[in-house]
Amino acid sequence: MANENQSATAQQSDTDQLISTDPGGGGLSEQSDNQTVDSETESVVQSQNLDVYYGDTQALQDITIEIPSNRVTAMIGPSGCGKSTFLRCINRMNDLVDIARVEGDLYFHGQNVYDDYVDPVALRRRIGMVFQHPNPFPKSIYDNVAYGLRIQGNTENLDAKVEQSLKRAALWDEVKDRLDDSALDLSGGQQQRLCIARAIAVDPEVILMDEPASALDPIATSQIEDLIEELAEEYTVVIVTHNMQQAARISDQTAVFLTGGELVEFDDTDKIFENPESQRVEDYITGKFG
Amino acid sequence: MATPTSSETTFESVSRTKGAVFEYLTLGASLFGLVALGVLLLYVFWDAFGLATAEIAWYGALVICVVAPTLGFVAYARRNTVAGEVALELVSTAMGGLLAGFGVIAVIEVIAGPAVWFAYFLTVVAPLVGLFLYNRARPEVTWVGLAMLGVLIAGPIIGTLTLDTLTQIESLIGGPFVYLLSLVLPAAVIARYVIDDYLELGNGNFAAGLVVAVAFFAVPLIDTLPLVSRSVWLIFLSTLVTPLGIVAWKNLAAPENRVGFAGPGIFIGGVGLLLIVTDALGLSGPTPWFDWQYLTSNPSRFADQAGLYSAIIGSVFIIVLVALITLALGVGAAIFLEEYAPDSGPGAAIARLIRINISNLAGVPSVVYGILGLAVFANLVGLGFGTVITAALTLSLLILPIVIISAREAIRAVPDSIRNASYGMGATKWQTTRNIVLPRAIPGILTGTILALGRAIGETAPLIMIGVATTKFSPPSGLFSKTTAMPMQIFAWSSYPSAEFQHGVVAAGVVTLLVVLLTMNSIAILLRNKFETEEL
Numbered sequence: 001m002a003n004e005n006q007s008a009t010a011q012q013s014d015t016d017q018l019i020s021t022d023p024g025g026g027g028l029s030e031q032s033d034n035q036t037v038d039s040e041t042e043s044v045v046q047s048q049n050l051d052v053y054y055g056d057t058q059a060l061q062d063i064t065i066e067i068p069s070n071r072v073t074a075m076i077g078p079s080g081c082g083k084s085t086f087l088r089c090i091n092r093m094n095d096l097v098d099i100a101r102v103e104g105d106l107y108f109h110g111q112n113v114y115d116d117y118v119d120p121v122a123l124r125r126r127i128g129m130v131f132q133h134p135n136p137f138p139k140s141i142y143d144n145v146a147y148g149l150r151i152q153g154n155t156e157n158l159d160a161k162v163e164q165s166l167k168r169a170a171l172w173d174e175v176k177d178r179l180d181d182s183a184l185d186l187s188g189g190q191q192q193r194l195c196i197a198r199a200i201a202v203d204p205e206v207i208l209m210d211e212p213a214s215a216l217d218p219i220a221t222s223q224i225e226d227l228i229e230e231l232a233e234e235y236t237v238v239i240v241t242h243n244m245q246q247a248a249r250i251s252d253q254t255a256v257f258l259t260g261g262e263l264v265e266f267d268d269t270d271k272i273f274e275n276p277e278s279q280r281v282e283d284y285i286t287g288k289f290g
Numbered sequence: 001m002a003t004p005t006s007s008e009t010t011f012e013s014v015s016r017t018k019g020a021v022f023e024y025l026t027l028g029a030s031l032f033g034l035v036a037l038g039v040l041l042l043y044v045f046w047d048a049f050g051l052a053t054a055e056i057a058w059y060g061a062l063v064i065c066v067v068a069p070t071l072g073f074v075a076y077a078r079r080n081t082v083a084g085e086v087a088l089e090l091v092s093t094a095m096g097g098l099l100a101g102f103g104v105i106a107v108i109e110v111i112a113g114p115a116v117w118f119a120y121f122l123t124v125v126a127p128l129v130g131l132f133l134y135n136r137a138r139p140e141v142t143w144v145g146l147a148m149l150g151v152l153i154a155g156p157i158i159g160t161l162t163l164d165t166l167t168q169i170e171s172l173i174g175g176p177f178v179y180l181l182s183l184v185l186p187a188a189v190i191a192r193y194v195i196d197d198y199l200e201l202g203n204g205n206f207a208a209g210l211v212v213a214v215a216f217f218a219v220p221l222i223d224t225l226p227l228v229s230r231s232v233w234l235i236f237l238s239t240l241v242t243p244l245g246i247v248a249w250k251n252l253a254a255p256e257n258r259v260g261f262a263g264p265g266i267f268i269g270g271v272g273l274l275l276i277v278t279d280a281l282g283l284s285g286p287t288p289w290f291d292w293q294y295l296t297s298n299p300s301r302f303a304d305q306a307g308l309y310s311a312i313i314g315s316v317f318i319i320v321l322v323a324l325i326t327l328a329l330g331v332g333a334a335i336f337l338e339e340y341a342p343d344s345g346p347g348a349a350i351a352r353l354i355r356i357n358i359s360n361l362a363g364v365p366s367v368v369y370g371i372l373g374l375a376v377f378a379n380l381v382g383l384g385f386g387t388v389i390t391a392a393l394t395l396s397l398l399i400l401p402i403v404i405i406s407a408r409e410a411i412r413a414v415p416d417s418i419r420n421a422s423y424g425m426g427a428t429k430w431q432t433t434r435n436i437v438l439p440r441a442i443p444g445i446l447t448g449t450i451l452a453l454g455r456a457i458g459e460t461a462p463l464i465m466i467g468v469a470t471t472k473f474s475p476p477s478g479l480f481s482k483t484t485a486m487p488m489q490i491f492a493w494s495s496y497p498s499a500e501f502q503h504g505v506v507a508a509g510v511v512t513l514l515v516v517l518l519t520m521n522s523i524a525i526l527l528r529n530k531f532e533t534e535e536l
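Residue numbers (the UniProt record's numbering), protein chains in the order written: chain A, 1 to 290; chain B, 1 to 536.
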């Protein structure tokens with residue numbers, strides 16, 4: 001596998017896909033393709049020539065990307081461009097969709113997650129997910145956060161772990177007196193932070209977020225955004241968003257998917273928003289379509 | 001200028017004739033149904049309670065002593081809602097406790113017998129409850145579910161194997177001691193938990209001690225009166241007195257709730273007053289067919305002595321078995337079809353075929369299931385004609401499609417978003433089903449099952465086909481004992497020539513059946529409301 005680009009400056013084009021650039025280098029990339037790998041950080045998730053089909057419809061075309069660790073990587077693009085599909089490929093949630101078919105390779109720490117012997121359940125325990133609409137379980141706040149720990153049989157110091165997760169999700173102060181209340185009594189923004197607390201309680205390496213703020217009001221959205229930036233210190237965050245300003249605010253890297261399920265450009269967020277390579281990306285960013 | 005000129009803007013009127021006709025037609029249809037049903041019920045109740053036999057003056061006394069004061073309280077409770085709620089809570093607790101007590105008596109004391117109950121209580125019920133409580137206290141322990149499954153499988157086997165030994169032990173310690181152990185002590189523990197942790201009144205230990213003290217000292221004192229046996233007193237202590245005591249205590253503790261006691265007080269006082277007044281004035285009340293004697297006597301060819309006892313016990317026995325069988329099979333099938341059956345490939349075709357067939361089976365006439373039961377259970381397997389087990393299996397087949405369909409609906413109503421949340425956390429299918437889907441679906445499953453059981457308890461045609469007796473002079477004593485059932489007995493009485501049977505005994509039987517049915521339906525509604533409001 002051609003992904004060990006540890007050298008800080010070497011321009012590697014031993015494959016036609018992978019280019020390693022210095023982050024300070026101002027986003028130079030001779031090749032028109034779409035990868036930038038931050039040399040300081042190791043990549044956690046990478047895909048190679050990934051195609052996804054729903055029945056006969058192709059949802060993703062030949063996606064090759066490296067997602068660096070401990071950064072916020074945003075995926076933007078118009079509706080139906082496949083950005084959520086890609087996110088759901090990373091933790092194999094697409095397995096639950098009967099008609100979905102995945103071709104190509106997707107590596108997590110160098111391990112192809114679509115190999116036969118990879119257990120998707122074990123994979124999902126290391127890659128957490130936060131969904132578009134807050135979906136707490138109809139249980140108490142405490143039981144929501146403890147759920148992942150309990151199903152993994154990891155129940156030592158449960159109280160402490162629940163408290164720590166709620167604190168990291170910036171929710172503790174609001175709910176500490178009513179941990180036994182139903183999670184459904186919380187407001188939408190609180191529910192979404194609870195879902196984040198639930199995801200980080202099991203200490204995953206990667207957190208996937210599928211438009212986590214799209215169903216929330218502006219104040220709740222900004223709370224979630226602050227939280228995402230903090231989470232990136234410890235976790236690798238991959239966030240799908242509709243909202244370009246949000247991607248610009250919180251992400252380090254941005255991938256732009258455009259209609260037809262192709263990854264058009266992937267680079268540092270600043271570069272994508274200020275000086276994109278592709279005319280189509282520029283049109284999309286400046287609001288000419290999408 | 002903004003002066004409206006009526007000549008230029010006119011609105012044509014839009015015809016609503018068809019809509020109005022339709023509205024009144026639908027109103028007429030619903031009124032017709034309600035009135036027809038109401039007249040029928042009134043007729044039956046009139047006969048069953050022998051209302052024609054009472055003097056007019058007795059009704060006057062009834063209205064003055066009981067009806068008017070109670071209605072007065074109801075009117076007051078409409079303004080003071082707290083009083084109404086407290087009164088309703090007291091009355092429903094009393095009614096529920098009474099019904100639960102009768103249910104326990106029918107199932108444990110009469111059908112199973114204290115000895116058999118003792119055996120299976122020790123080997124199945126007590127370990128299950130113990131494991132459940134242990135899991136509540138320490139939710140992190142993961143082997144509890146497996147242990148419960150083990151108890152469910154091994155418990156009945158061990159219970160059956162050791163039945164003789166345990167029966168001997170039971171005969172040494174006696175029935176009342178069994179109830180003390182299996183009902184009164186759990187009731188005391190629950191009272192302690194409810195009072196301390198749930199209602200947070202304190203004094204939970206005192207309440208639990210009181211329950212046990214009553215069992216040890218008051219019950220032996222009371223049952224010197226030759227009314228009912230000591231066992232029955234202990235059963236009602238657990239199902240009626242303890243819950244009623246807790247509710248009363250809770251409401252007495254809150255001064256603004258105390259006014260609620262006026263409702264039941266007025267009613268009970270009114271009934272007492274009515275008895276005194278009618279006795280003093282020599283007014284004769286109605287002589288109902290539907291009375292204590294009717295519920296506790298076996299059938300007789302004399303209308304005065306006829307009773308539904310053996311049929312009630314037979315029906316309850318059958319329905320308990322049907323509930324166990326259909327819950328296990330129906331929920332299992334529904335979970336498989338909704339959660340595990342493949343959505344594509346050859347498996348999906350088979351699953352689809354099964355689903356379509358189950359929907360069709362729900363519409364098959366019950367007499368067809370009767371023939372099936374006769375051929376398979378009675379003849380082929382040899383479970384006997386008209387036995388409890390044959391009747392239970394046949395009725396289970398009859399309602400299984402309905403149970404499966406309603407359980408599937410309940411499982412499908414669980415939103416996919418929380419399923420995905422669970423899978424996204426790295427839960428397996430079993431963990432998701434067990435922790436997320438089933439808790440959410442259980443109220444719907446129970447509601448559908450209880451309504452289906454209501455249909456089973458009123459079925460006659462399949463019972464005729466498998467040879468259930470119309471009249472039997474003693475209740476069934478075991479799974480393979482011949483039985484009768486309420487609708488069969490009612491049907492038999494309806495062909496008796498005497499008017500007393502046709503207009504008295506039959507009506508009382510219909511009322512009994514209706515009471516049982518309405519009770520089951522109210523339990524279904526209560527369960528649904530409880531789970532819907534809690535949603536936890």
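No lab work stands behind these hints, which were simulated from the structure alone. Computed from a prediction, not measured in an experiment: that's the story for all the values here. Among these hints, one or two may not hold up.
[What the hints assert, rightly or not] Part of the chain B face toward chain A, derived, beta carbon under 10 Å:
| # | residue |
| --- | --- |
| 1 | 345 |
| 2 | 348 |
| 3 | 422 |
[As the list claims (entries may be wrong)] For each label pair, taking beta carbons as the anchor points, the in silico distance ranges come out as:
| # | chain 1 | residue 1 | chain 2 | residue 2 | range |
| --- | --- | --- | --- | --- | --- |
| 4 | B | 412 | A | 229 | 57 to 65 Å |
| 5 | A | 97 | B | 39 | 55 to 63 Å |
| 6 | B | 129 | A | 97 | 40 to 48 Å |
| 7 | B | 132 | A | 181 | 41 to 49 Å |
| 8 | A | 176 | B | 28 | 31 to 39 Å |
We put the CB at the ideal spot given by N, CA and C, even for glycine.
Status of the hints after comparison with the structure:
This hint holds: residue 345 of chain B has a C-beta 9 Å from the nearest C-beta of chain A, less than the 10 Å allowed. Satisfaction of the interface hint for residue 348 of chain B is found here, the shortest Cβ-Cβ separation to chain A being roughly 8 Å, below the 10 Å cut-off. Taking 10 Å as the C-beta cut-off, the interface hint given for residue 422 of chain B holds, the closest approach to chain A being about 7 Å. A beta carbon spacing of about 40 Å between residue 412 of chain B and residue 229 of chain A contradicts the range 57 to 65 Å that was offered as a hint.
A hinted range of 55 to 63 Å holds for the C-beta pair residue 97 of chain A and residue 39 of chain B, which are about 56 Å apart. The hint said 40 to 48 Å for the Cβ distance between residue 129 of chain B and residue 97 of chain A, and at roughly 42 Å that hint holds. In this structure, residue 132 of chain B and residue 181 of chain A break the distance hint of 41 to 49 Å, their C-beta atoms being roughly 23 Å apart. In this structure the supplied range 31 to 39 Å is violated for residue 176 of chain A paired with residue 28 of chain B, their Cβ-Cβ distance being about 60 Å.
The earlier numbered hints that this structure contradicts are 4, 7 and 8.
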